[in-house]
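2 protein chains.
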Amino acid sequence: MTTHQLTEQIKKKKSFLCIGLDVDLNKIPQHLLQEEDPIFAFNKAIIDATHHLCVAYKPNTAFYEAYGLKGWKALEKTIMYLNVKHPEIFTIADAKRGDIGNTSTMYAKAFFEDLAFDSVTVAPYMGKDSVEPFLAFENKHTILLALTSNAGAFDFQTKKIDEVELYKHVLETSKTWNNSQNLMYVVGATKAEYLAEIRKIIPESFLLVPGVGAQGGSLQEVCNYGMTNNVGLLINSSRGIIYASNGEDFAQASAAKAKELQEQMESILN
Amino acid sequence: MTTHQLTEQIKKKKSFLCIGLDVDLNKIPQHLLQEEDPIFAFNKAIIDATHHLCVAYKPNTAFYEAYGLKGWKALEKTIMYLNVKHPEIFTIADAKRGDIGNTSTMYAKAFFEDLAFDSVTVAPYMGKDSVEPFLAFENKHTILLALTSNAGAFDFQTKKIDEVELYKHVLETSKTWNNSQNLMYVVGATKAEYLAEIRKIIPESFLLVPGVGAQGGSLQEVCNYGMTNNVGLLINSSRGIIYASNGEDFAQASAAKAKELQEQMESILN
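Chains as they are written, first to last, in this note's numbering: chain A, 1 to 270; chain B, 271 to 540.
Heads up, some of the hints might be wrong.
[Unchecked claim] Footprint (simulated), chain A over chain B, 3 or more residues, beta carbon under 8 Å:
| no. | region |
| --- | --- |
| 1 | 327–335 |
| 2 | 395–409 |
| 3 | 413–422 |
| 4 | 431–444 |
[To be verified] List of simulated lysine-lysine pairs, DSBU-like, C-alpha gap at most 30 Å:
| no. | chain 1 | residue 1 | chain 2 | residue 2 |
| --- | --- | --- | --- | --- |
| 5 | A | Lys-160 | B | Lys-470 |
| 6 | A | Lys-70 | B | Lys-355 |
| 7 | B | Lys-314 | A | Lys-70 |
| 8 | A | Lys-140 | A | Lys-77 |
| 9 | A | Lys-140 | B | Lys-343 |
| 10 | A | Lys-70 | B | Lys-379 |
| 11 | B | Lys-281 | B | Lys-445 |
| 12 | A | Lys-200 | B | Lys-430 |
| 13 | B | Lys-429 | A | Lys-160 |
| 14 | B | Lys-284 | B | Lys-470 |
| 15 | B | Lys-343 | A | Lys-73 |
| 16 | A | Lys-73 | B | Lys-340 |
| 17 | A | Lys-109 | B | Lys-314 |
| 18 | A | Lys-259 | A | Lys-14 |
| 19 | B | Lys-410 | B | Lys-470 |
| 20 | A | Lys-73 | B | Lys-410 |
| 21 | B | Lys-297 | A | Lys-109 |
| 22 | A | Lys-159 | B | Lys-429 |
| 23 | A | Lys-159 | B | Lys-445 |
| 24 | A | Lys-44 | A | Lys-259 |
| 25 | A | Lys-175 | B | Lys-430 |
| 26 | B | Lys-340 | A | Lys-70 |
[Claimed, not checked] Have a look at the derived ranges for each label pair, beta carbon to beta carbon:
| no. | chain 1 | residue 1 | chain 2 | residue 2 | range |
| --- | --- | --- | --- | --- | --- |
| 27 | A | Asn-246 | B | Asn-494 | 57 to 65 Å |
| 28 | A | Glu-163 | B | Asn-540 | 45 to 53 Å |
| 29 | A | Pro-87 | B | His-301 | 35 to 43 Å |
| 30 | A | Glu-163 | B | Ala-466 | 23 to 31 Å |
| 31 | A | His-52 | B | Glu-306 | 37 to 45 Å |
| 32 | B | Ala-466 | A | Lys-77 | 45 to 53 Å |
| 33 | A | Pro-203 | B | Lys-355 | 51 to 59 Å |
| 34 | B | Glu-467 | A | Glu-263 | 51 to 59 Å |
| 35 | B | Thr-446 | A | Thr-2 | 38 to 46 Å |
| 36 | A | Glu-163 | B | His-322 | 50 to 58 Å |
| 37 | A | Ile-161 | B | Ser-515 | 42 to 50 Å |
FYI, nobody ran anything at the bench for these hints, they're computed from the structure.
All C-beta atoms in this analysis are idealised placements derived from N, C-alpha and C, irrespective of residue type, glycine included.
Take the sequences, apply the hints, and build the full model.
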C-alpha cells in the first residue's frame with residue numbers, strides 16, 4: 001500500500017485510528033476459550049465490529065509468540081483475514097526487529113512476504129545496515145522507533161549527542177538511508193510536546209503514535225503538534241479498545257470505544 | 271542455568287564456543303530438502319556432530335520466522351532437542367527483542383517459559399522498563415546489545431553523550447537496573463580494541479561475541495582484551511561452521527571447523 005492510498009482511506013473514513021491487536025488470553029472474554037482458536041476468534045470479532053472505524057490494525061508479535069505455535073498460527077490467520085476481507089486496511093507488524101544485514105533481510109521476508117504485512121516496526125540501535133534491508137521492499141513501510149511512549153525513553157533516546165538528542169540523530173540519519181521514502185516513525189503520544197521539534201526534521205512522514213488512552217497521551221495535543229496536510233498520523237489504541245468489555249458484548253463495546261475516538265478524529269479533521 | 275555452571279562447562283570442554291544455528295534453506299545441503307522438516311534435520315545433525323566442542327547454541331529467530339509456522343515449529347523442536355539431549359548446554363534465543371513493559375513480559379514468557387531458552391538477546395533503545403521484565407526471570411540471562419559487529423554500529427552506538435559513547439552509557443546504565451546480575455552483553459569481535467574499555471565498566475559479565483570468522487574478527491584479540499578469570503566470553507560462529515560443506519559430509523565438516531576453533535580456545539585457556 002502507498003502512503004497516498006493510506007491518506008485516501010483516512011479521508012474517506014474520517015479516521016486515522018489504528019487498533020492494536022494485543023491478545024492476552026487472560027483478558028479476553030472467557031467464553032471464547034472454548035473456541036478452537038480463541039486468539040483468532042477474538043481478533044475476527046474485533047475486526048468485524050471495528051473495521052469501518054479505523055484505517056490500520058497493529059498486532060504486536062510478542063502476544064502471539066508468547067503462545068508458541070498456536071500464537072503464530074493465530075497471527076497468520078489474522079493477517080490473512082485482514083488481507084482478504086479488508087485489503088484497503090493498512091497492516092502493521094509491531095515486531096521491533098533489527099539485526100545485521102542478512103538477518104534483517106530474513107525478518108523483512110517474514111513480515112513483508114510470508115505474512116504480507118504492509119509495514120513492520122524496527123529498532124534503530126544497530127544503524128543503517130540493520131534497517132536498509134527492510135527499506136528495500138517496494139510499497140512496504142518500515143516504522144522506525146524514534147521516541148517511544150514509555151518511561152525508559154528517557155534513558156537513552158533523549159540523551160544529547162553534540163547538543164542534539166539521540167532520537168533526533170536517529171531521525172536525521174535515517175533520512176540519508178537508501179529508500180528512506182519508505183520510512184515512518186514511532187513517536188509516543190505521551191511525548192506530544194516533542195512533536196513540533198520532530199516535524200521540523202521530518203515534516204511529511206507518517207507517525208505511528210502509541211500511548212493515547214491507557215498510557216495517558218492526549219489525542220488533541222498530538223494533532224496540534226504532529227498533523228500534516230496529508231494528516232501524517234496513525235493513532236494507536238490497543239487495550240482501551242479491545243478490552244472495553246470482557247462479556248458477551250465485547251465486540252460491540254470495542255466498536256463503541258473505537259467510535260468515540262473516530263468521532264474525535266472526525267471533528268479534528270473538519 | 272547459572273553463570274557458574276556455564277563456566278564449569280567451559281573448563282570441562284576447554285571451549286567457549288557458541289554455534290549459531292542460522293538455517294537458510296538455500297544454503298543447507300539440498301538432499302535434506304526431502305526430509306519432513308529440513309530445518310530441524312539440519313540442526314539435529316549439526317548438534318549431534320558438534321555438541322562436545324561447544325558450550326552454547328544460538329538460533330537466530332529471524333531465520334525461523336522467515337519460514338512461518340514451519341520455521342517456528344523447527345525452532346521449538348530444536349530447543350526441545352537441546353534441552354532433553356544436552357541440558358548442560360547454554361541456549362541463546364538471538365531475538366533482539368525489546369518493547370514496553372507488559373509486552374516485554376510476553377516476549378520473556380515466549381523465550382524463557384514456552385521455549386525454555388536459557389537466555390535471549392535484547393535491544394536497549396527503549397531503556398530500563400523494556401529490559402527489566404526479562405531480568406526478572408531467575409537463572410535466565412538477558413544479553414543486551416552493547417556494541418554490535420556491523421558497520422551500522424557507528425551510526426549511533428559510538429556517538430558521544432557528554433564525552434562518553436552511547437554504548438558505554440548503555441553498559442553503565444544497565445548496571446543500575448533491577449536484577450542486573452542477570453545481564454550479559456553483545457560485543458562484536460570486529461570491535462575487539464574496544465574491549466579493554468568495556469572491561470573497565472563490566473569487569474565480570476559474560477560477553478557474547480559475534481563476528482569471528484565470516485565477519486572478520488580475531489579470536490586472539492578478543493581474548494587478549496576481553497577474557498576474565500572466569501573466561502567471561504562466548505565466541506559465536508554461525509556461517510563459518512554450519513555451512514562448512516553443503517554435501518553429504520556437512521555435519522562432519524562443521525565438526526572439523528568447530529574443532530579448529532575449540533583447539534584454538536584450548537590453547538588460549540592453557
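What hint numbers does the structure not satisfy? The structure conflicts with no hint, since it agrees with every one listed earlier.
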